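Trainee: Each chain, written out:
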Amino acid sequence: MKFTASRTAITLWLIFILGCSAIITRSHFTADLSAFLPRSPTPAQQLLLEQIHDGLASRLILVGIKGADAPARARISKQMAQQLRQNSQFVSVNNGEPVTAEQDRAYWFNHRYLLSATVTPERFGVAGLHNAISDSIDLLASPAGLLVKSMLPHDPTGEMVELLTQFSNSRPPALRDGAWISHDGSRALLLIQTRASGADTDAQQLAMTQIEQAYQLAAGTKATTQLEMTGPGVFSVKSRNTIKAQVTLLSIISVGLIATLLLLVYRSPTALILGFMPVISGALAGIAAVSLGFGTVHGITLGFGTALIGEAVDYSIYLFVQSEQRQHELWIKRYWPTIRLGVLTSIAGFASLLFSGFPGLAQLGLYSIAGLITAAAVTRYVLPHLLPDNFHIHDVTAIGIKLSCLEQNAPKLRWLAAGMLLLALAIVAKNHDHIWDDKISSLSPVSQADIALDTQLRADSGAPDVRYLVVISETTQEAVLRSSEQVANVLQTQVERGELASFDSPSHYLPSTASQRTRQASLPTAEQLQENLTNAVLGLPIQANRLSPFLTDVASARTQPLLQLSDLRGTSMAMAVDALLIHHGSDWRALLPLTALPNTEINAAHIRAALHGLPNVILVDMTQESNQLYSSYLHEAILLSLGGLVAVIALLLIVFRSPARVLRILAPLAVAVITVTAGLTLLGHALTILHLIGLLLVVAIGSNYALFFDRNTNTPAIAPRTLASMFFANLTTVAGFGLLAFSDVSILQAMGMTVAPGVILALIYSAIFARTAHAEN
Amino acid sequence: MMLFNRLLSIIPLLLCSSLSQAASWDIDQLMHNLALTRSGHATFVEKKTLALLDQPVTSSGELLYAAPDHLEKRTIKPKVENMLVDGDNLDIERGKKTYHLQLSDYPELAAFIDSIRGTLAGDRKALERTYQLSLEGNAANWTLQLIPNNARMQQVISRIRIMGAGDEVRSIDIAQTDGDSSHMQIEKVATP
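If you read the sequences in order, they're chains A and B. Numbered continuously in this note's numbering, the first sequence closes out at residue 778. Numbered continuously in this note's numbering, the second sequence closes out at residue 197.
These are computed hints drawn from the structure, not numbers from a lab. Since the structure is predicted, the reported quantities are computational estimates derived from the model, not experimental observations. Treat each hint with caution, since some may be false.
Straight-line distance between alpha carbons at most 30 Å, and here's what the computed DSS-like set of lysine-lysine pairs gives [said to hold, decoys possible]:
| hint | chain 1 | residue 1 | chain 2 | residue 2 |
| --- | --- | --- | --- | --- |
| 1 | A | Lys79 | A | Lys67 |
| 2 | A | Lys79 | B | Lys130 |
| 3 | A | Lys223 | A | Lys403 |
| 4 | B | Lys82 | A | Lys245 |
| 5 | A | Lys334 | A | Lys67 |
| 6 | B | Lys102 | B | Lys130 |
| 7 | A | Lys239 | A | Lys223 |
| 8 | B | Lys84 | A | Lys150 |
| 9 | B | Lys82 | B | Lys52 |
| 10 | B | Lys82 | B | Lys101 |
| 11 | B | Lys52 | B | Lys193 |
| 12 | A | Lys403 | A | Lys413 |
| 13 | B | Lys101 | B | Lys130 |
| 14 | A | Lys223 | B | Lys101 |
| 15 | B | Lys52 | A | Lys150 |
| 16 | B | Lys82 | A | Lys67 |
| 17 | B | Lys82 | B | Lys130 |
| 18 | A | Lys79 | A | Lys223 |
| 19 | A | Lys150 | B | Lys102 |
| 20 | B | Lys130 | B | Lys84 |
Facing chain B, a subset of chain A residues (Cβ under 10 Å, in silico) [to be verified]:
| hint | residue |
| --- | --- |
| 21 | Leu19 |
| 22 | Gly20 |
| 23 | Ala102 |
| 24 | Gln104 |
| 25 | Gly146 |
| 26 | Lys150 |
| 27 | Arg547 |
| 28 | Gly586 |
Heads up, the beta-carbon is just placed ideally off N, CA and C, and yes, glycines get one too.
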């Protein structure tokens, strides 16, 4: 009967592990911030998410080529661009070569009478023509005259010049040897737009590989140049790789460290291997659960896995150290209820995170619940069956007795502890208004060096750094374009008033049908124009007969078919319109990005006031929106953690039915949490959501210690073996989390810095306060 | 007045050529002298003759130069206009509007501006990228002729002739392939 039970348990466990592994091999892993941004109700936040996932800026890769000399860099840039342009993964590859210049020019020139806002009936009357032609003649005398000379017979009113003025606001990088270079001339620059969205990390990684390959091919093997890449997609790929590499490295080191520690304690390789079974099972179950529940697994969740090794290994330590030789039945009877309560307490604490609207947080909640339940269940139901008959570990009673001495002396420290608590409380109270960091950038796993390179390349290439967007929503393309034209008029006034450097609008490239019709209707008939022109050139040094191409062009513009979206195909503006004019379900949306004047910030209030009264038009500050979003989730997380605390208290009250006892159990944990918070604040760390999770973990792990120390007056003094088990469990936890504190990835570092000191304090405070409570009883 | 100046300027030349070897005067020597001028301020009068127009258009204003590649042309008549060239960037301000152009986007305009900038900077290499150079006259009264050396430029410009005295540029004549031409007279503004 017993034999069957053990076989059943082991078989079920193996099937479970295989199942989890199968799920994990099909899982997707991400590392971008978007996983931390949930679906949210406001239109601005919805837009923010879409832009982060799929916006123009999210699909941009900025490439720099450093080293060698300018001609070599330009040659590499051109060869790379040529190869990448043939790849359908890339929507556009821009390095200053005039690939679409001909098409762009033809689009503007052939449709100038539909595109130019200056086309009005007055402009084609006698006076209007006279003034416009007179201006054009003045322009001939200027240095730019060389450019307009050949166009003048076709375009004496200068519509082309008008269009150029409107759209020459942005300043592309300088050219050298036929390719873009940076301001300081040290780099060749390329701006690449991927077809895949920035949130598709796998596709971004593929794009990066292809850029790398094109570079290798162009630069050759003996290259003295270096390739640099940046952009949101590159950041996602890099952080995913960094997190993966760090998690792998830290896992190996922490497993090695914990294994060495345990080997020293157990002096039995079998015990060591068996001791890791619950940990591995828990980690696999956690990742599989998150993968099933969320579709993708975030890198932070993986980092958390490393940390969990430190906690889940405790259960097997308790089993091995606490149970007398081969008396696992007795251990199950005497100690399992305490451990089970510890696991339940942790679950109660973490369950609240499942309700978070913040997927990153919900992932951590699900991960820890699945991981802890599995690790504990494997320890309880599978591990005893796996132990061989001759299983034994080194007797640790000697260490336990030494610890007992320490424990008996611990209460002497209670005044010191009380003093520290008061100090910690004072620090927390003094800094209470800036303990939390509510900027989303605090979560970013991107390194400072990468951010610096990004800033540099962005400044050099004039790539959009989309912070302010005017967003217009309508139900038809025509309506949204008409509204864009109105907004563009308002924004143009703001440009003239010096509030803005420039702005972009889809209506620049594709005017509404209404505007195109109006402009077409402004053009006079051939006879009328001929007559007006003859009168208009009177007094000007030009003969009307020289302008006959103008008459032909206007005549054909009068019957020209109106511009459609498809007419932009093959021009560089197609990409711009694709990003600025979005068809979303039954909704049409226009985005008008604003550019600030150099070294100034846009005054959002002024722009909002100017746009006031226009229906369905909003100004979105992407940076502020994302910070606000994060800040609201931070507050939600704090509330949820408090909810978790209430759940823990409720659970303990139901089990013990004694408020005093529950207070005794929780007091050392609360003190540990406050001390760690004060310590971090004192060291100048503003707390993020990951610190908060760390504090929750301190409570979850610490509750085990507190429960072991907790006892009624009639129970005997704590056994030396139990003390030893807690000491070892604590050491392994500190080893696991302590390593995270040395990570370059700020989010992992945050968790390590919180948990490692927190669990040490939780153990010490539990010893100090438990004894005091005992004496009082 | 002009004639008088020229006569005066011949005197040191006569002294010069009698004292040293006349053979040392060449394009390199001219470029070297021009390169010594790090900045300059002058007035200009420009007359353009265009087939399209019945009569030539005349403009005038100021020129400012700072080595190696900053050039400003402030037209005052017939309309206030400011042209600023810095490296590859060309800004033209007319009334309320500013046009930003990249010289590299307009090779003809770039070659044209570089003929002036290259001469002022004494940058023979830059000039020879686009033009074949030939020099006539002497240090006190020289004529530098630039003939485009590539087919693309030859379609636009047939010849540029720059005349000067010592390290000063006095006039620039441009003959375009289509028969249009321009003549710019430059006069140095004495710097205090």
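Trainee: Flag every earlier hint the structure violates by its number, smallest first.
Mentor: Checked against the structure, the hints that fail are numbers 3, 4, 5, 6, 13, 14, 16, 17, 20, 21, 22, 24 and 28, while the rest are satisfied.
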